[in-house]
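From just these sequences and the hints, can you work out the full model?
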Amino acid sequence: MKPALRLMTIVIAVSVSGISFAQQRPRSSATTGPAEKPTTATTRRPVRVAGEATQVIEKDFSEALKVIERHYVDGSKLDYNSAFKSSILGMLRSLDPHSNYYDRDEYEELKTDQRSEYFGIGASIQSYFFGADGDTFITATFQNSPAARAGLRFGDRIVAVDGVKMTGKPSLEVRDKIRGPRGSVVKVTIERAADRRLQTVEIARDVVPQPSIPDAYLIKPGVGYIDMTRGFNYSTTEELQDALEQLHARGMNSLVLDLRNNPGGFLDQAIHVAEVFLPNGQLILTQKGRNGLRDNTYRSANNAAEPVPLVILINQYTASASEIVAGAMQDHDRALIVGETSFGKGLVQSIIPLDYGAGLTLTSAKYYTPSGRLIQRDYADSGLYDYYTHGGSKRSDDSATAKIVGPEKKTDSGRPVYGGGGIAPDEAVGPRTVTVAQRRLLAAIFAFARELVNGRIPAPADYRVRGAINFEHELKPSDFVVTDSIVRAFKDFVAADPDFKNSVSLVDRNRAFVELHLRFNMVQSAYGRVMAERVFLATDDKQLARAVDVLPRARDLAMTATHHTQP
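Mapping to the working numbering: the sequence shown position 429 is 429, numbers consecutive.
Hints should not be assumed to be uniformly reliable.
Claimed, not checked - Restricting the straight-line Cα-Cα distance to at most 20 Å, the calculated cross-link-like pairs of lysine to any residue (SDA-like) are:
| # | residue 1 | residue 2 |
| --- | --- | --- |
| 1 | Lys-501 | Ala-428 |
| 2 | Lys-288 | Lys-366 |
| 3 | Lys-220 | Pro-477 |
| 4 | Lys-177 | Lys-220 |
| 5 | Lys-187 | Ala-160 |
| 6 | Lys-85 | Ala-64 |
In case anyone wonders, no lab produced these hints; they're calculated from the structure. All of these numbers come straight from a predicted model, not from anything done at the bench.
Given below as structure tokens:
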């Protein structure tokens, strides 16, 4: 049997026999899948057990494959892995949008995303197009990473990896070439941004930390901000507790927790994160599986819950585990929710490893917020693309801030909240937007910043960045201020470059955007990516600004929550 065919058989067996076990009895022929099995005569008999159903499906699949091999016009060039993968995905897509199959490489990446580390060189990279071809550049290195130790800098252009040219390759493909087993060596040929010389650097891949909380600081006196936008992995709760301790030591008396773009992750970590803020006995989550086998109720066991007034930021990409946290905080009136309506994923997946290094994520339960909300969006009448790119049929329009029209529930204090389509914010604030015209300026802004920080642009002040990134620096308002003369120099730079000169007219009309992104790139070159993100947060984040404005309401809400938890 071909390995791929054996894998298909294993997947079928997991799906069919797993369903039979959940019901604790064999399923009838009407519901197990193929209802009948052909015999050697014209009569047919019903299939009554999962094992026979699996044999029927395996036989049908094998026969279909033989027909394709013999009669398909390009049957001699058949890609078996693609054929089997699409078959498995088709089977899972008939269940729900979140049950999925991962081949060996994809499954390894899935497991990597769930760890707080990966194996590579530890650098942020970004592709930009100058003319017809795109190039990938180093935009920052991580602290104590192999890339930092090898002397890679902001603006270094990646020419080749292990002798393979990278010109025209997207950054994801370049990233995959650079990553590899721990201890293995990758040869990266770069064009140095400082002097444009070509150099091949041998870098031994190593563990690169990938924290789920990259930043925590005071955005103004007394107001803490915690960046929890990357997902929930093994160490999220521990990182949160460390961040809270550091912020309290600096005088924090209120907190903004940023869950925007957080795609979710481990269920237990979401429960523990909620537990940090909810007192002992309060319900966090109810999980309901099939026939009660995966039913669970999770309550806080924290006798010293964090009392600080809390605002949580969410957007349309806040999903799954992050929605568990937001939903629990909202239902118990423990936090004020600001931003956009969240994604709306109320399904729990079990991760199932398969032979040959592949794996499945299979939906095994639904979860409900403390008020009883099922926040899962309807997916019955939409394709996969529409499900992930539009609001779904349960929302009143396509806006991310649209009111959810599902079943009404009540928070602890009696506020109405709704299920069936994500977590609706208490304060709806739209996202920061970037226009098509502004996107056209990004490559020119990066190219200009690359020249400026390397001393090749005449400037009234010293914008040159010398040496490695200073990861200990705290961003100040006086760092890399973009003056009128710098904007004029940028406009001259755009006009003089054939690749950018058609964008000259856009500079004046988008001056604030130009200033913001020029400063972002310069800060990134000197102090790293995490510190550069503060440029956007401080300058052009209306959702965060609203979160700070409504902190007094969050304080009142916290007092209400305390009242409802007292005997």
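Status of the hints after comparison with the structure:
1. Only pairs whose Cα atoms come within 20 Å are accepted, and Lys-501 paired with Ala-428 is rejected, the gap being roughly 39 Å.
2. Annotation: proposed proximity of Lys-288 to Lys-366 holds, straight-line Cα distance about 5 Å (limit 20 Å).
3. With a CA separation close to 12 Å, the supplied pair Lys-220 and Pro-477 stays within the 20 Å bound.
4. With a C-alpha separation of about 42 Å, the suggested pairing of Lys-177 with Lys-220 is violated against the 20 Å cut-off.
5. Restraint check for Lys-187 and Ala-160: the C-alpha separation of about 8 Å stays at or below 20 Å, so the hint holds.
6. Among the hinted pairs, Lys-85 with Ala-64 is consistent with the structure: their alpha-carbon atoms are about 15 Å apart, no more than 20 Å.
Violated hints, listed in ascending order, are 1 and 4; each of the other numbered hints is respected by the structure.
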